[in-house]
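Student: Here is what each chain is made of, one letter per residue.
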Amino acid sequence: MSHDHADHAHVHRSPPRPDQDDTLTYYRAMEIALRELLIDKGIVTAEEVRRQVEDMDGRNAGRGARMVARGWVDPAYKRRMLEDGSRAAEELGLDVGPLKLIVVENTPEVHNVIVCTLCSCYPRMLLGLPPDWYKSRNYRSRVVREPRSVLAEFGTLIPDDVQIRVHDSTADMRYMVAPMRPAGTEGWSEQALAGLVTRDSMIGVAVATTPERRRG
Amino acid sequence: MPEAIAPRFRAGDRVAVRAAYPIGHVRTPFYIRGKQGVVERLCGAFPNPEELAYARSGEPAQPLYRVRFRQPDVWPDYSGQANDLVEVEIYQHWLEPA
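From first to last, the protein sequence lines are chains A and B. Numbering-wise (the numbering used here), the first sequence opens with residue 52 and increments by one. Numbering-wise (the numbering used here), the second sequence opens with residue 82 and increments by one.
Take the hints with a grain of salt, since some may be wrong.
To be verified - Calculated pairs, DMTMM-like style, for lysine to aspartate or glutamate (alpha carbon to alpha carbon, straight line, at most 25 Å):
1. B:K116 to B:E131
2. A:K186 to A:E197
3. A:K186 to A:D70
4. A:K151 to A:D125
5. A:K186 to A:D106
6. A:K151 to B:E140
7. A:K151 to B:E131
8. A:K129 to A:E160
9. A:K151 to B:E132
10. A:K151 to A:D108
11. A:K151 to B:D154
12. B:K116 to A:D135
13. A:K151 to A:E141
14. A:K151 to A:E134
15. A:K92 to A:E105
16. A:K129 to B:E121
17. A:K151 to B:E121
18. A:K151 to A:D106
19. A:K186 to A:D73
20. A:K186 to B:E84
21. B:K116 to A:D223
22. A:K129 to A:E142
23. A:K92 to A:D70
24. A:K129 to A:E197
25. A:K92 to A:E82
26. A:K151 to A:D135
27. A:K151 to B:D94
28. A:K151 to A:D183
These aren't lab readings, by the way, just hints derived from the structure by calculation. As the structure is a prediction and not an experimental result, all values here were calculated from the model.
I would like the entire structure built from these sequences, with the hints used as guidance.
Tutor: As structure tokens, this is what we get:
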């Protein structure tokens, strides 16, 4: 807002955003009905449902970042992670449940990016809830067909001599990208390195944060 | 649980995705039907989600593969590099030898 404030004194308020809970859609009604039935039948308690939602909201990309950073400092761990992602997660005490995790590694020759063209499959246990754009038709339909253009829109320019691999998680696997370790991070602690591994770099629409950008 | 269906393909095998268009819950994306690729790995066997979607058992479990396709084979007008790839998980009953 850059209009002149000198001639009028009033409080600016953004127009109220419409409530998201004012319409009982078909699926909202179904969710409530199912949840209440499960509670009435003693299959779950309201407290268990609340705790699950809290756990789900509490998961974030810091989990995946720990794995990537460990792989950067420990080549043997990286090898195990690329061989069996689920087991490598468990090794760090990260519970991935029934998830079958495949970690794909970015190299100077290959850049990986993840999508689920059918819906929104995502390694939630390691990256938390997916961003809205990941679930959008725009991303899902375009990244599989014109990945270089989509990555460029994210500000990620992939050189022509780097191969792009798009991973469409259509079934029982979940994918996470291990981005390349940025230059100039020699001798950094594992924890400091993990701070460079962002959510988007593990989806593959970005690269890991560089030390310069971190300082800036 | 009945024994899983035996895998027909191995990593490196050339395969073609069936160009079938059944109604209902299908896990093979439209864009990859009828295309040819190479098996990247066998992921294991899983209850068939196309059956699970209708509250059936999905058994016997279907082998699931990651199949690797060259982007220009998938999109004739692909604008990226010729060696770019797309990898898709596909259940065995959608695959034929190529």
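Student: Which numbered conditions among the earlier hints are violated in the structure presented, ordered from lowest to highest?
Tutor: Hints 11, 12, 20, 23 and 24 contradicted; others consistent.
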